[in-house]
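A.B. asks: All chains should be built: construct the whole structure from the sequences, respecting the hints.
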Amino acid sequence: MTLIKTGGFAALVCALTYIAGFALLLTLLAPLGFGSNQIDAEAVVAFIAERPHLLIAWNSTIYIANAIALVLLVLAVHDLLRKATPGWAEASRAFGLIWAALVLGAGMIANVSVETALTLSQTDTEAAAQAWALLHAVELGLGGGNEIAGGVWLLCVGLAALRAGALPRVTALLAALVGAAGLLTVIPALGELSGALFGLGAILWFLLVGLALLRHIPGARDLQSP
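Here the sequence shown stands for residues 1 to 226, numbered as in the numbering used here.
Think of the hints as simulated: they come from the structure by calculation, not from any bench.
It should be emphasised that the depicted structure is a prediction, and the values quoted were computed from it without experimental measurement.
The beta carbon of each residue, even a glycine, is placed where N, CA and C say it ideally should be.
Errors might be hidden in some of the hints.
Ranges between beta-carbon positions, derived for each pair [said to hold, decoys possible]:
#, residue 1, residue 2, range
1, LEU140, ALA57, 16 to 22 Å
2, ARG163, ASP40, 42 to 48 Å
3, MET1, ALA43, 43 to 49 Å
4, GLY165, GLY33, 23 to 29 Å
5, GLY165, ILE19, 25 to 31 Å
6, LEU190, GLU90, 27 to 33 Å
C.D. replies: Shown next as structure tokens:
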């Protein structure tokens, strides 16, 4: 199997990790304030004390599994772009791998925060809540609370693909738009809305680019058919 087709499967995995993440976020985790600025650290610690493995599994899905698949996708997109736009291809690979590393780091921090809170909650729930809140802030700083690195990567991919004709035009345009939404997460007033748009848009883009890469014919340059 070629790297580009492997990247196609990886993109579909990325989409599935986002879908799974949103499913739990909007159900069991919503009452705790996940995905908002009003997260209740004490309620999270109580949740962890009852079901620590659920949060570990969630973190491992949305961060760790996503990061592993993302590396393969970044390299596949680079391989697709490198002949027509070598400079943009290198820039996109750099930003994409940075994003994957940040996502992986966020996942490891998130799992450590669960383990730390679980241990401390057995003797001091207040200390457990404080420790979890601190580690959660680090997690959000790495990538859970902003999408700067991902936004830059998608913007680079979208612009490069439009210039090279390396992806269907709709897919390339969507990459640029989703990337722009990611960059807007740096603005506090727009953080939640732009973050939701980035996440939902990324799901659609992962699906579209995954299908485009799986249909790719070696040696073909123009994939701009609808």
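A.B. asks: With reference to the structure, classify each hint as holding or not holding.
C.D. replies: A quick look at each hint next to the structure:
1. Between LEU140 and ALA57 the Cβ separation comes to about 20 Å, which falls inside the hinted range of 16 to 22 Å.
2. Here the CB-CB span from ARG163 to ASP40 is close to 47 Å, well matched to the stated 42 to 48 Å.
3. For MET1 and ALA43, the Cβ-Cβ distance of about 45 Å falls inside the hinted range of 43 to 49 Å, so the restraint holds.
4. A C-beta distance of roughly 45 Å is found between GLY165 and GLY33, which places it outside the suggested range of 23 to 29 Å.
5. Look at GLY165 against ILE19: about 30 Å separates their beta carbons, and that is inside 25 to 31 Å.
6. Separated by about 30 Å at the C-beta atoms, LEU190 and GLU90 satisfy the suggested range of 27 to 33 Å.
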